[in-house]
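Student: Assemble the whole structure, with the sequences as input and the hints as a guide.
Here are the chains, one letter per residue:
2 protein chains.
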Amino acid sequence: MPLTLFQTSIPIFTKYMHNLSALLEKAEADAKTRNYPPEALIEARLAPDMHKLSRQVQIASDMVKNGAARLAGIEPPSFPDTETTLEDLQARIAKTIAFLETITEGQLEGAETREIVLKFPGRQMSFSGAAYLLDFVLPNLFFHVTTAYNILRHNGVAIGKRDFIGA
Amino acid sequence: MPLTLFQTSIPIFTKYMHNLSALLEKAEADAKTRNYPPEALIEARLAPDMHKLSRQVQIASDMVKNGAARLAGIEPPSFPDTETTLEDLQARIAKTIAFLETITEGQLEGAETREIVLKFPGRQMSFSGAAYLLDFVLPNLFFHVTTAYNILRHNGVAIGKRDFIGA
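Heads up: the protein sequence lines correspond to chains A and B, in order. Using my numbering, read the first sequence as starting at 5 and increasing by one per residue. Using my numbering, read the second sequence as starting at 5 and increasing by one per residue.
Calculated from the structure, these hints are not laboratory results. Predicted, not measured: the structure shown is a model, and the values here were computed from it. Treat the hints with care, as some may be off.
Put simply, identical chains are the same to the list, so a pair is met inside one copy or across any two.
[As the list claims (entries may be wrong)] Only pairs whose alpha carbons sit at most 20 Å apart, straight line, appear in this in silico SDA-like list of lysine to any residue: (1) K19 with F140; (2) K30 with A51; (3) K36 with G126; (4) K30 with P52; (5) K30 with D53; (6) K165 with E29; (7) K36 with A102; (8) K99 with R118; (9) K19 with E29; (10) K30 with I107; (11) K36 with M54; (12) K36 with I16; (13) K36 with E91; (14) K19 with N144; (15) K30 with M54; (16) K56 with P41; (17) K165 with S130; (18) K56 with D34; (19) K99 with N70; (20) K165 with N70; (21) K56 with H158; (22) K123 with A98; (23) K165 with F140; (24) K56 with I163; (25) K19 with M129.
Tutor: Listed below in structure tokens is the structure:
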């Protein structure tokens, strides 16, 4: 019984959005306990030329909502990157999870071989659905959730690997 | 044509070991250019109670060599954590890749439903092969490779997301 593309995408996408939300909840609690503005965390980054926390969350959200939509062969919803507070970021994650919950196993049938074309300024990338998921969406999702985790951890928020991995 | 468990594990494991090796090569070049001992990077961490760079590499290596062996139903090789230089870490990665290259598609046939039991002090975790790969090995692999990347990036090594994602 091989893996289905659904099993290898949507439940993982949803789980890591929930885990990211739980990490931001711990960030909010930390800001209250240590009495600093949570916006300081939202603006935090690990290097001056890396993205800040809020952008890490936005990109993780984009990865899974675009990933799910393209694999399902539908137009990805547009989520403008306007979040400036932890509450905004939580709403962005909730909106992402709500979209993921609309994707059915049936929509992903045969998605392994669906051609996915990503257009960037000056270049484009073309994948099979399977390669798009395994070589692009999953590594990028984990990259940005881990980097969000590392930004919080570097700033002293009391989180651990189990918060990243989830239940 | 669903995904095979082989396709969803071994080539990804191998690719991210190669990407990690390339990141460490850039670290070594940076130490030469900026004239500091590479051991400073090996000891670097993002928080005082996080693992240092060398341990991130060792855990990433453990994840994939243990993951590949358990999914194949064979005894994982033991790699003692004795690395203290970038050269040692590169040798550890090379040894890991050499082991991954011995795993055949045939050995992973039916691994989706193989029972995998992990024993930790005081608790144990039990998974199907599919859940072990999707919920444990892949997230942990990406977590530790991303954290190694973030440690280097935080210390000013000139790497970018493309070095993480690879060719």
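Student: Now tell me if each hint is right for this structure.
Tutor: The hints, checked one at a time:
Taking the shortest Cα distances, K19 and F140 sit within 20 Å of each other both inside one copy (18 Å) and across copies (12 Å). For the identical chains of this complex, K30 and A51 are inter-copy neighbours only, at 17 Å across copies versus 22 Å inside a copy, given an alpha-carbon limit of 20 Å. Taking identical chains as interchangeable, the C-alpha atoms of K36 and G126 are never at most 20 Å apart, the minima being 45 Å within one chain and 34 Å between chains. In this homomeric assembly, K30 and P52 come within 20 Å of each other (Cα to Cα) only across copies, at 19 Å, whereas the closest approach inside a single copy is 24 Å.
In this assembly of identical chains, K30 and D53 lie within 20 Å of each other by CA distance solely across copies; the values are 17 Å between and 26 Å within a copy. Proximity of K165 and E29 under a CA criterion of 20 Å is satisfied intra-copy only: 15 Å inside one chain copy versus 27 Å between copies. Within a single copy, K36 and A102 get their C-alpha atoms no closer than 28 Å, and across copies no closer than 49 Å, so neither meets the 20 Å cut-off. Taking the shortest alpha-carbon separations for K99 and R118, neither the intra-copy value of 26 Å nor the inter-copy value of 36 Å comes in at or below 20 Å.
Proximity of K19 and E29 under a CA criterion of 20 Å is satisfied intra-copy only: 15 Å inside one chain copy versus 34 Å between copies. With identical chains, the CA atoms of K30 and I107 are never at most 20 Å apart, being 29 Å at best within one copy and 41 Å at best between copies. For the identical chains of this complex, K36 and M54 are neighbours neither inside a copy (26 Å) nor across copies (23 Å), given an alpha-carbon limit of 20 Å. Taking CA atoms no more than 20 Å apart as the test, K36 paired with I16 passes in neither setting, with 30 Å inside one copy and 41 Å between copies.
Proximity of K36 and E91 under a CA criterion of 20 Å is satisfied intra-copy only: 14 Å inside one chain copy versus 45 Å between copies. Taking the shortest Cα distances, K19 and N144 sit within 20 Å of each other both inside one copy (15 Å) and across copies (14 Å). Taking the shortest alpha-carbon separations for K30 and M54, only the inter-copy value of 17 Å comes in at or below 20 Å, while the best intra-copy value is 22 Å. Taking the shortest alpha-carbon separations for K56 and P41, only the intra-copy value of 16 Å comes in at or below 20 Å, while the best inter-copy value is 29 Å.
Taking identical chains as interchangeable, the C-alpha atoms of K165 and S130 lie at most 20 Å apart only when they sit on different chains, with a minimum of 18 Å there against 34 Å within one chain. Proximity of K56 to D34 under the C-alpha cut-off of 20 Å is restricted to the intra-copy arrangement: shortest distance 18 Å within a copy versus 24 Å between copies. Taking identical chains as interchangeable, the C-alpha atoms of K99 and N70 lie at most 20 Å apart only when both belong to the same chain, with a minimum of 13 Å there against 37 Å between chains. In this assembly of identical chains, the alpha carbons of K165 and N70 lie at most 20 Å apart only when taken from different copies (19 Å versus 27 Å within one copy).
Taking identical chains as interchangeable, the C-alpha atoms of K56 and H158 lie at most 20 Å apart whether they share a chain (13 Å) or sit on different chains (13 Å). In this assembly of identical chains, K123 and A98 lie within 20 Å of each other by CA distance neither inside one copy nor across copies; the values are 27 Å within and 35 Å between. In the homo-oligomer, the alpha carbons of K165 and F140 lie at most 20 Å apart only across protomers (12 Å), although the nearest pairing inside one protomer, at 23 Å, exceeds that limit. Taking identical chains as interchangeable, the C-alpha atoms of K56 and I163 lie at most 20 Å apart whether they share a chain (18 Å) or sit on different chains (17 Å).
When the C-alpha separation of K19 and M129 is checked against a cutoff of 20 Å, the pair qualifies only between copies, where the shortest distance is 18 Å, while the shortest distance within a copy is 27 Å.
This entry does not satisfy hints 3, 7, 8, 10, 11, 12 and 22, going by the numbered hints stated previously.
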